[in-house]
Structures are given as C-alpha cells and as structure tokens.
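*Asks:* One-letter residues, chain by chain:
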Amino acid sequence: MLESLWVWPLLESTHVLSIALFVGTAMMMDLRLMGLTFGGVRASDFTSRLLPWTRAGFVVMVVTGLLVFYSNPVRYYHNIFFRFKVLLMILAGLNIWLFHSRIHRKVAEWDLLASPPPAAKLAGAVSFLAWALIVISGRLIAYNWFDCDIQPQPAFVNWAAGCVLPAE
Amino acid sequence: MYPALLPFFEWCEATGIGRTIRESLWMFPILEAIHLVGLSMLGGALLVVDFRLLGWGLKDGTIADLNRQARPWLLGAVALMLGTGVLLFLSEAIKCYYNTAFWVKITTLPVALGFTLAIKDRFARNATYTSADSQLVASADILLWFIVAAGGRWIGFS
Chain A
1 MLESLWVWPL
11 LESTHVLSIA
21 LFVGTAMMMD
31 LRLMGLTFGG
41 VRASDFTSRL
51 LPWTRAGFVV
61 MVVTGLLVFY
71 SNPVRYYHNI
81 FFRFKVLLMI
91 LAGLNIWLFH
101 SRIHRKVAEW
111 DLLASPPPAA
121 KLAGAVSFLA
131 WALIVISGRL
141 IAYNWFDCDI
151 QPQPAFVNWA
161 AGCVLPAE
Chain B
169 MYPALLPFFE
179 WCEATGIGRT
189 IRESLWMFPI
199 LEAIHLVGLS
209 MLGGALLVVD
219 FRLLGWGLKD
229 GTIADLNRQA
239 RPWLLGAVAL
249 MLGTGVLLFL
259 SEAIKCYYNT
269 AFWVKITTLP
279 VALGFTLAIK
289 DRFARNATYT
299 SADSQLVASA
309 DILLWFIVAA
319 GGRWIGFS
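Quick note, the sequences are listed as chains A and B, same order.
Counting in this note's numbering, the first sequence runs from 1 upward without gaps.
Counting in this note's numbering, the second sequence runs from 169 upward without gaps.
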C-alpha cells in the first residue's frame, strides 16, 4: 500500500500540512505562556478552547507519522535525525506533563496575568523551542547523509545512529 | 507556462545565491526546514484568529484585540517564509518553471496574502461577534492558505 504512487505523498503531505494546525496552535499557546502576546486572553481560555484543536492536530500527526514510519521502519530507526526527533518529542512530552500536573493546576492564581509566572514562561519556551527543533529534525530525516550504508562516518555518528558495521 | 517569463526564471537560476545554495549539500535542506518552522508559526497565527471568527476557538476579549495581538507574529512568519522561500526558489527556478504545483502556489499566494492582510484584517478590526460573514471570511482564509501550502509541498513530489 505504502509503495503506491499516491498514498505515500498524500500521507507525507498530510503530515507536513498538519504542523500548521498542531505545532501552530501549540506555538500560539506557548507565546501566551511566555507572556509575549495575547495578554487579553486568559491562559485557561487557551487550554480549554484552543488545546482541543492542538490535540486533534496531534492525532493526525501521530497517525500519519506512524504510517510513514512503517513504510520503512529499519531505515528510520537508524536515521540520526529521526532519533534526535524522538528524543525531543520525549522532552516535549515531559514538559507537557510537568506543565499540566504542576503549573496549570494552579492556573487560577495567574490566569489573568499578561505575564505568567517564571515556571509557566519556562514551560512555554521549552515547548516552543522543542517543537521548532522537532519540525527541523523531522524535515532532515529525508536526507541520508548519516545513514549506515554511507561509510565511512565518524565513530560518533555510527554510535548515535546505532549502525552495525561489518567486521573488518 | 508563460514563455515570456522563462528568461527571468533562467536569470534567477543563474544568480550567485541560487548557484551557491544549489551546490551546497546542506543549505537547501536547512532552508526547507526553517521554511517549515515558518509554516507552523504562520498556521498558528492565522488559525488562532480564524477559529475565533468561526466561533470554534478562543472566546476571551474581542476579535479585534486577538487579531491585533496575532498580527506581529503573522507578519514575522510571513517574512520568514518569504525570505526562505525566495532563496529556495532561486536555487531551483527552472524546475519551478516547469512545475504545475509551483504555479498553483505562486498564483494563489498573492491572493491569500492580500485577503489576509487587507480583507480579513479589516473585517476582524470591526467584528464584535461571530456571524455568518465572519465564518465565511475565516473559511476563505483557511481554504486559500491550504491551497498555497499543499501546492508548496507538492512542488517536491512532481
């Protein structure tokens, strides 16, 4: 199925275009958390009314992303940018968990502040930076510069990509 | 497409900047990646106001305030996309000339930009509540930019 002429480009395009919905709305909330704009909108208005859109975008990203991954899992598994992207997604996930379990729980205390407390600002900054780097590393997965079958590579690259090299 | 324009595309392809990017291993990929970060920002800045106009998003404050506060980020994202987009184009102008998706994108882009920066902006400045009109403006905005973005992605496939 994934080798058909149309399915892969359509999956890939849906994955890329959905960043406008998913990363885009997440970044707008990050800007609010950092106190950079949208001061007239409560932080909780973002989490209750915009976050459902972010979540919907996330579902589309995950479904299309997994399908693209399964089209060539071994190649992606050993791609250095893919590995970097997964690490960043874990970081972004931890940040979301910390934000919701600690900072957002007390949102009533700072909901109306145009400039939220430092912890919220930090969560917003980490999220913004992490998703920007995830987009960048996601795009670079397409390039095979550091793939295991392109040798020689520096030892660090082969280690990071988990390459199994034939014994000399 | 427009044969009179071909010499212009050839000139773009021959520029020093275009050649430098084309001959570099990593410049085009990095520019593409930054172009996509711009797409995220642009999508967010557009959709945050469009969802509000549709009545499906943020509720606090006024539509005019939300639009005003999103605007610098919208303009920043547009600048980032145009800057990286022009550089990407210079590196493969002749490929673009023969690419249908490019023409779809490049002809829709000024319409989308004009619509967002003039019509939607003027509408949002004066909108006080969600209406059939505000929903029409938001839908048109989303549709126009979807064509631009989808056309842009498809340049790489054709």
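Wrong hints could be hidden among the right ones.
[Stated by the list, open to error] Straight-line Cα separation of at most 20 Å, SDA-like style, residue types lysine to any residue; simulated pairs: (1) B:K263 x A:D45; (2) B:K227 x A:G35; (3) B:K227 x A:A108; (4) B:K227 x A:H104; (5) B:K227 x A:F146; (6) B:K227 x A:T64; (7) B:K263 x B:S326; (8) B:K227 x A:L113; (9) A:K121 x A:E109; (10) B:K227 x A:A56; (11) A:K106 x A:L88; (12) A:K121 x A:C148; (13) B:K227 x A:W110; (14) A:K121 x A:L36; (15) A:K121 x A:A142; (16) B:K263 x B:R187; (17) B:K227 x A:D111; (18) A:K121 x A:T37; (19) B:K227 x A:W97; (20) B:K263 x B:F325; (21) B:K263 x A:G40; (22) B:K227 x A:L133; (23) B:K227 x A:R75; (24) B:K227 x A:N95; (25) B:K263 x B:T275.
[As the list claims (entries may be wrong)] Here are some chain A residues pointing at chain B (derived, C-beta under 7 Å): (26) L5; (27) P9; (28) T14; (29) L17; (30) I19; (31) M27; (32) F38; (33) V41; (34) D45; (35) V63; (36) G65; (37) V74; (38) R75.
Hints listed in this document are in silico derivations from the structure and should not be mistaken for laboratory results.
Even glycine gets a Cβ: it sits at the ideal position worked out from N, Cα and C.
*Asks:* Now tell me if each hint is right for this structure.
*Replies:* Here's how the hints hold up against the structure:
1. Of the supplied pair hints, the one linking B:K263 and A:D45 is violated, its CA atoms being roughly 46 Å apart against a limit of 20 Å.
2. For the hint pairing B:K227 with A:G35, the CA-to-CA distance comes to about 18 Å; that is within 20 Å, so the pair holds.
3. Under the criterion of a C-alpha separation no larger than 20 Å, the hint pairing B:K227 with A:A108 is consistent with the structure, at around 17 Å.
4. Taken as a hint, the B:K227 and A:H104 pair is honoured in the structure, with Cα atoms around 19 Å apart against an allowance of 20 Å.
5. The hinted pair formed by B:K227 and A:F146 fails the criterion: a straight-line CA distance of about 47 Å is larger than 20 Å.
6. A distance of roughly 31 Å separates the Cα atoms of B:K227 and A:T64; the hinted pair therefore is violated under the 20 Å criterion.
7. A hinted pair counts as satisfied when its Cα atoms are at most 20 Å apart, and B:K263 with B:S326 qualifies at roughly 10 Å.
8. Distance hint between B:K227 and A:L113 is fulfilled; the C-alpha atoms sit about 17 Å from each other, no more than 20 Å.
9. About 15 Å separates the Cα atoms of A:K121 and A:E109, which keeps this hinted pair within 20 Å; it holds.
10. Simply put, B:K227 and A:A56 have alpha-carbon atoms about 19 Å apart, close enough for the 20 Å limit, and the pair holds.
11. Straight-line distance between C-alpha atoms of A:K106 and A:L88 comes to about 26 Å, which puts the hinted pair past the 20 Å bound.
12. Annotation: proposed proximity of A:K121 to A:C148 is violated, straight-line Cα distance about 40 Å (limit 20 Å).
13. As the CA atoms of B:K227 and A:W110 are separated by approximately 18 Å, the hinted pair is consistent with the 20 Å bound.
14. This hinted pair checks out: A:K121 and A:L36 have alpha carbons roughly 9 Å apart, not beyond 20 Å.
15. A threshold of 20 Å between alpha carbons decides the hint, and for A:K121 with A:A142 the separation of about 33 Å lies outside it, so the pair is violated.
16. For a cut-off of 20 Å, the pair hint linking B:K263 to B:R187 stands: about 14 Å separates their Cα positions.
17. Among the hinted pairs, B:K227 with A:D111 is consistent with the structure: their alpha-carbon atoms are about 14 Å apart, no more than 20 Å.
18. Between A:K121 and A:T37 the CA atoms are separated by roughly 12 Å; this keeps the pair inside 20 Å, and the hint holds.
19. Distance check on the hinted pair: B:K227 and A:W97 sit about 25 Å apart at the alpha-carbon level, beyond 20 Å; violated.
20. Only pairs whose Cα atoms come within 20 Å are accepted, and B:K263 paired with B:F325 is accepted, the gap being roughly 12 Å.
21. A hinted pair counts as satisfied when its Cα atoms are at most 20 Å apart, and B:K263 with A:G40 does not qualify at roughly 46 Å.
22. Of the supplied pair hints, the one linking B:K227 and A:L133 is violated, its CA atoms being roughly 30 Å apart against a limit of 20 Å.
23. Simply put, B:K227 and A:R75 have alpha-carbon atoms about 45 Å apart, too far for the 20 Å limit, and the pair is violated.
24. Taken as a hint, the B:K227 and A:N95 pair is broken in the structure, with Cα atoms around 26 Å apart against an allowance of 20 Å.
25. Restraint check: the Cα-Cα separation between B:K263 and B:T275 comes to about 16 Å, which is no more than 20 Å; the hinted pair holds.
26. Below 7 Å, beta-carbon pairs count as interface contacts, and A:L5 has none with chain B, the closest being about 10 Å; its hint is therefore violated.
27. About 5 Å separates the beta-carbon of A:P9 from the nearest beta-carbon of chain B, less than 7 Å, and the hint is met.
28. Given the 7 Å rule on beta carbons, the hint for A:T14 is violated: about 9 Å separates it from the nearest Cβ of chain B.
29. Given the 7 Å rule on beta carbons, the hint for A:L17 holds: about 5 Å separates it from the nearest Cβ of chain B.
30. Contact between A:I19 and chain B, as hinted, is supported at the beta carbon level, the nearest pair being about 5 Å apart and thus within 7 Å.
31. A hinted interface residue such as A:M27 counts as satisfied when its beta carbon comes closer than 7 Å to some beta carbon of chain B; here the least separation is about 5 Å, so the hint holds.
32. Because the closest C-beta pair between A:F38 and chain B is about 5 Å apart, less than 7 Å, the hint holds.
33. The beta carbon of A:V41 comes within 4 Å of a beta carbon in chain B, closer than 7 Å, and the hint placing it at the interface holds.
34. Interface restraint check for A:D45: the shortest CB-CB distance to chain B comes to about 4 Å, inside 7 Å, so the restraint holds.
35. Hint status for A:V63 relative to chain B: violated, with the closest Cβ pair at about 18 Å, above 7 Å.
36. Annotation: interface hint on A:G65 violated; nearest CB of chain B at approximately 14 Å, more than 7 Å.
37. Below 7 Å, beta-carbon pairs count as interface contacts, and A:V74 has none with chain B, the closest being about 22 Å; its hint is therefore violated.
38. Given the 7 Å rule on beta carbons, the hint for A:R75 is violated: about 17 Å separates it from the nearest Cβ of chain B.
In summary, the structure is inconsistent with hints 1, 5, 6, 11, 12, 15, 19, 21, 22, 23, 24, 26, 28, 35, 36, 37, 38 from the numbered list given earlier, while agreeing with the others.
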